[in-house]
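Kindly generate the complete structure, drawing on both the sequences and the hints.
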Amino acid sequence: VRRITLVFAFTAVLVACAFLTTRAEAKPTWKDVDKDLLAESRGIVDPEAPSETVIWEVRVTDSFDGKGIRSEEFNYVRVKIFNERGRDLESKFEIPYRRGESVGDIAGRTTRPNGTIVELKKDAVFDRTVVKAGGYKGKAKSFAMPGVEPGAVIEYQWKIIRRDIPALILYAQKTTPIRSMTITVTPFNTSGTDYSMQIRSFNVTHGPPAEDGITKTIRLEKIRGVETEPYMPPDDQVRPWFLLEYVETRQSTDEYWKKVGSMGYEAWKPYLGVTPAVRRFADSLVTGAFDFDGRIRAIHDFCRTKIRNVYDDAHDFTDDFRSKLLDDEKRMPEETLRRGYGTSDDINQLFAALAEGAGFRSRMAVVSDRSENFFRRDHRLGFQLSEHLVAVLVGGQWKFYDPAHRDIPAGMLPWWEESQEALVLDKETPVFATTPLSLPSRSLARRAGRLRLGADGTLEGEVREIYTGHLAMRKKEDLDELSPSRRREEVQEQLRARWTSATVDSITVSGVDEPLQPYEVAYRITLPDYAERVGKRLLVQPEVFERGASSVFTASTRTHWIYFRHPWSEEDSLTIELPSGYEIVADPAPGALQVGRTIAHRMAVEVDERTVRLHRYMGFGMDGTILIHPSEYGRLKKGFDSIQQRDGYTLTLRPLEAAER
Amino acid sequence: MKRVRLAPALAVAACLWSASDARGGDDPPAWLVAASKMPVAERSDGAPAVELFRECRVRVEPNGTFVSTTRRAVRILAREGKEAAVVREVYETGSGNVQDMRAWVLRTAGKPIAYGKKEVIDASLTQDNLHSETRARILTAADDVEVGSVFGSESVVEFRQATPQFPWSFQHRLPVLTSRFVMTAPSGWTFRSRTFDHDPIEPRREGDESVWATGELPYLKDERWSPPLTSLAPRIAVTVLPPLGASQWPQLTDWSAVAHWFESLAEPQGKSTPALIAKARALADGKSGEWERIESIASYVQGLQYVSIQTGLARGGGYRPHAAADVFSKSYGDCKGKANLLRTMLREAGIRAYLVMITSDDPDYVREEWPSPYQFNHCITAIAVSDTVRAPGVTQVGTERLLLFDPTDSSTPLGQIPFLEQGSLALVACGSSSALIRVPRSEPTDHGVEHTIRGSVGADGALVATVLQHSRGGEASKRRWQHRSLTPTDYRKAVEAWISGVIPGAAVSKVEVKDQFRENRFSLELEVRAPRYARMLPGGLLAVKPLALEGSAWGPGSGERRMPLLLPSSMLSERTELQMPEGYAVEECSEPVAAEAPFGTLHTSCELEGSTLRLRRDLELKRSVVPAGDYASASKFFDRVRSASQAAVVLAPATLPAPASSR
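Chains as they are written, first to last, in my numbering: chain H, 10 to 670; chain X, 70 to 732.
You may find that some hints are simply not true.
Distance windows between CB atoms, simulated [unchecked claim]:
1. Ala205/X <-> Glu230/H: 42 to 48 Å
2. Glu336/X <-> Arg137/H: 26 to 32 Å
3. Val582/X <-> Glu498/H: 37 to 43 Å
4. His388/H <-> Ser368/X: 51 to 57 Å
5. Thr138/H <-> Asp323/X: 36 to 42 Å
For the record, the hints were derived by calculation from the structure and aren't laboratory data.
Just so we're clear, the structure is a prediction, and the values are computed from it rather than from any experiment.
No residue lacks a Cβ here, since even glycine has one placed at the ideal position from N, Cα and C.
Printed below as a string of structure tokens:
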């Protein structure tokens with residue numbers, strides 16, 4: 010009560026201040042643009058940049074206005090344009106906003122290279138509803154800066170007012186570089202409460218904030234523009250951003266997570282009931298299995314194969330059906346068991362209940378989605394842990410399962426849930442434990458072919474490719490919502506992307522709808538001109554699957570960490586019958602290559618009278634490494650280039666009459 | 070494949086529009102129930118869905134407003150056909166509104182599902198515009214349909230238009246059993262129609278309605294290198310003709326009338342201001358000749374930013390340029406705004422110029438038989454020039470020589486015409502001399518690419534080479550655009566990715582661009598090192614493959630073909646000159662290739678002179694449409710292209726060592 014009274018005491022002042030501020034900013038003020046800036050012809054952060062943000066000031070001011078917390082975010086931006094590309098990138102704006110937010114005080118001006126100023130007119134700012142659906146309305150203000158040309162300096166400012174938002178994210182990066190950025194935060198005065206505003210920064214280093222009473226200012230210098238590279242970590246692991254949030258001050262990080270774990274447990278507890286029916290069913294499932302792995306696999310396989318996930322697009326559940334299911338409050342494990350379908354959580358809850366019913370200790374667990382962000386325990390952000398799992402205790406260790414994903418076998422998790430700290434929910438002792446990372450052998454591409462090479466260089470024959478683990482999951486996911494004929498067409502297109510001249514027929518695709526089976530595709534292929542004809546010779550690359558494969562890395566330099574989703578391996582075996590009338594001339598096969606402890610490559614080629622047999626193995630992530638520092642890029646690139654070279658191993662077929670001469 | 074015959078399909082369809090509309094609550098309407106009973110061949114040429122019924126009924130009100138009612142029934146034949154269960158109506162705020170939008174799903178089992186207001190999404194369609202009044206109402210049931218379901222929709226839109234003309238497509242890509250366009254107008258009003266990409270469809274009178282109907286339209290599958298859908302799908306264009314004095318609409322009976330109407334919108338927007346006049350004169354003054362004066366002003370306008378703001382569309386806003394003075398003061402504008410500013414500035418410099426309506430993305434779209442502004446989506450400028458001006462963009466219109474120029478395309482210089490506008494019909498609005506003209510088309514030789522590769526190959530197979538890429542015309546514009554749209558770092562990465570795609574493991578140590586914009590030439594010079602370019606073969610042999618930097622994967626790909634093949638016009642020439650390692654001689658070299666097809670030629674050769682190996686590859690394609698039936702023979706030509714780009718040369722050491730292994 011005392012706090013509220015205090016709040017109201019300040020309200021009038023704050024509202025008045027806000028009003029005064031608004032009035033003051035209704036007529037924008039601008040700082041002078043000096044001649045030196047107008048004369049600049051290249052960036053300071055990046056001399057090749059098409060434009061550079063010279064100043065970006067963000068001021069966040071929270072206040073209580075009697076109705077709740079009013080958060081005002083003011084932005085002022087000054088940008089130097091160096092060329093036409095910079096002009097095109099920087100002069101059009103769209104500021105999206107939603108219900109409960111308002112955007113105002115938009116002002117802008119352009120200082121041309123000759124010093125003349127063109128103001129952004131009020132009627133050049135457009136307001137429109139971007140999308141309206143159900144109760145949602147998304148709006149946007151848009152404007153284009155006038156008179157923008159290479160050499161000009163543009164300035165613009167705007168304000169967004171939000172209400173009662175739990176946290177605010179500020180991204181501190183643009184497509185082009187930023188020379189200087191300041192973020193000034195004046196929180197709502199929380200003195201006398203257990204809460205205070207915390208400013209957390211991600212992917213950026215900066216000095217301690219300057220403090221002026223409760224106002225904090227962070228200065229950032231020389232922020233590079235967005236750079237996209239292949240195999241890079243998710244955006245939020247790369248770009249600089251800040252999180253502004255009111256947090257409980259008297260709580261340690263450990264206490265925070267304990268609370269999250271305990272509250273999560275309480276929330277889930279009512280939906281994990283192990284009824285006699287569930288127990289009986291669990292018993293029937295594990296009958297005949299004698300060890301932990303066998304028993305848990307039986308339950309896991311049942312849940313992922315017999316209980317259909319209503320969100321799996323392979324199952325043809327309709328939105329209409331899903332909404333009715335979500336409205337149903339009877340979604341207990343026994344009900345899910347009876348129905349044979351459920352949401353992802355329903356399936357995991359059933360798995361947890363069946364595991365309990367079979368005599369194991371199980372708990373729900375949460376983990377972050379590694380495709381979006383990497384979990385950090387020191388950041389007290391519960392929303393990091395967005396994915397739901399089941400933990401089962403065996404031998405004092407927690408093992409993790411997620412049978413909601415039907416194509417992932419027991420012992421593996423979807424790749425984005427692997428190799429991270431998961432929080433096992435418990436009322437008293439929630440704990441963190443690391444989810445396993447599947448070895449390369451669990452995600453295997455096994456490709457085999459029996460092929461014949463014609464004297465005209467055409468290669469033809471039968472091929473079978475089998476994929477397991479994460480590789481299979483991805484392929485099945487790509488195809489499971491397609492009809493059988495469209496699946497074959499899709500496979501045909503993929504194979505033509507691999508071999509542009511290929512004619513592919515007799516395609517069979519299997520395993521897509523069979524969770525317990527690997528993904529398998531078999532086909533007959535004809536590759537005209539596969540062997541390179543050089544005069545009378547034919548040059549043949551026996552590693553057919555890697556023929557024409559593009560380089561994994563092509564750029565000479567690297568900025569970001571290199572990030573592979575998961576380890577994987579490839580095993581190829583090929584038998585190629587060669588045309589008669591030729592002598593085979595072959596160098597020894599490349600043999601084995603090891604790139605650090607992460608990549609292994611082996612190739613063996615046997616040649617007899619008319620037949621070549623190739624066996625190849627490639628494994629990535631042998632030591633569990635999937636995230637590699639950019640300083641290792643050169644070595645990694647060289648390794649992949651070497652593999653590509655080895656895969657290009659070539660046999661020469663020389664006509665016998667030439668050989669005899 | 071068993072197909073439903075047209076006659077029975079139309080007979081069933083005849084019941085559809087006579088079916089009573091009386092229904093209660095959310096029940097599917099009778100026309101949809103009737104359509105859902107139409108028999109469909111199981112796979113309909115591999116289409117994922119089939120449109121059973123497609124109808125647009127337009128009622129013209131005496132006050133000049135239109136009300137369209139669109140009905141559609143689609144049977145889902147395969148999972149990927151679910152995305153056809155969507156209805157979308159585009160409208161302009163201020164001149165139109167979607168009065169009603171409903172949909173139903175008739176499932177194979179269970180009750181039908183009905184959709185209404187609650188499920189409708191209303192979205193702004195700004196596309197490339199900073200702001201636009203164009204919006205769409207969308208209702209999707211894609212997540213509710215199953216294979217075998219029938220999705221039906223009905224939407225009612227009221228709208229006004231600047232001119233009373235309607236293009237309507239009888240089909241999108243899916244096969245259609247019955248397709249109808251129906252118009253109703255007050256007594257005394259008439260219609261004139263034209264049919265495109267189909268045999269003529271004449272209207273039938275049914276009471277007070279005029280009905281254009283067809284059916285059994287086959288699946289228009291999206292295949293690589295096939296013509297755009299706008300040139301494949303049957304469509305009609307209907308012009309409403311009110312009695313004289315009955316409306317304020319312009320009577321667009323011929324192209325002169327269209328040009329006149331366009332001029333009436335554009336003319337008031339060409340007023341000058343003192344600042345604009347001063348700028349125009351400053352740009353032109355002191356320039357020695359006609360070309361230089363034009364070029365100075367054209368470059369200025371071309372350099373302004375493209376920003377599109379679309380308002381007042383029903384009042385011709387989509388065709389009325391923003392005032393030249395506004396575009397000038399803001400330094401931005403859309404295509405018509407820039408073209409209009411250019412015209413105005415040229416006028417102030419004493420040079421006559423006109424606006425030209427054109428279509429920018431399909432040179433075959435505009436048809437002479439239908440005088441209508443709705444055939445155009447772009448605007449450029451025609452500049453009157455004397456006999457001394459010689460350029461590919463010059464054409465004769467009446468007594469005037471006009472230089473066509475697109476100030477929106479910043480990659481194509483004055484004198485040339487962007488590639489996709491070449492060959493299109495365009496309307497030059499120049500008063501009484503206004504005319505629909507065919508935009509000149511350049512020859513393949515005018516927009517080709519040349520590669521010159523000079524370097525050496527070491528005994529270890531390593532290549533050190535300089536690669537020079539010279540492109541001209543449309544090819545230069547394309548490459549210039551790519552260069553301008555990337556940062557130097559990203560451009561370098563793109564070049565590195567291109568080169569390592571051709572030569573695995575190659576490193577690019579120099580990337581230098583020389584852009585001769587006025588001549589429309591773009592050059593790229595690279596220094597390339599590839600440690601394992603030449604392959605080491607048993608017996609100490611080296612195999613050297615030609616550096617086919619482009620063109621080796623040209624062609625539509627293999628497999629069955631339904632659609633015609635639209636081949637682009639292009640020319641590629643490659644000259645490679647490599648110093649062989651010392652002590653090596655060419656042991657085997659590929660035979661020269663000379664292949665010819667109605668649409669192209671290929672010539673390659675390989676010569677050794679001293680220790681210099683010379684490889685030559687010339688490939689030329691003429692813009693042509695190859696019918697699907699001729700695909701097999703066309704495919705053979707592209708097989709030759711691919712095969713020739715892989716033909717290697719074998720070098721042998723002067724003294725051959727014993728082979729490593731020989732069986």
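Next item on the list: Compare the structure with the hints numbered earlier in the document and write down the numbers of the violated ones, lowest to highest.
Entry: Nothing - there is no hint that the structure violates, so all of them hold.
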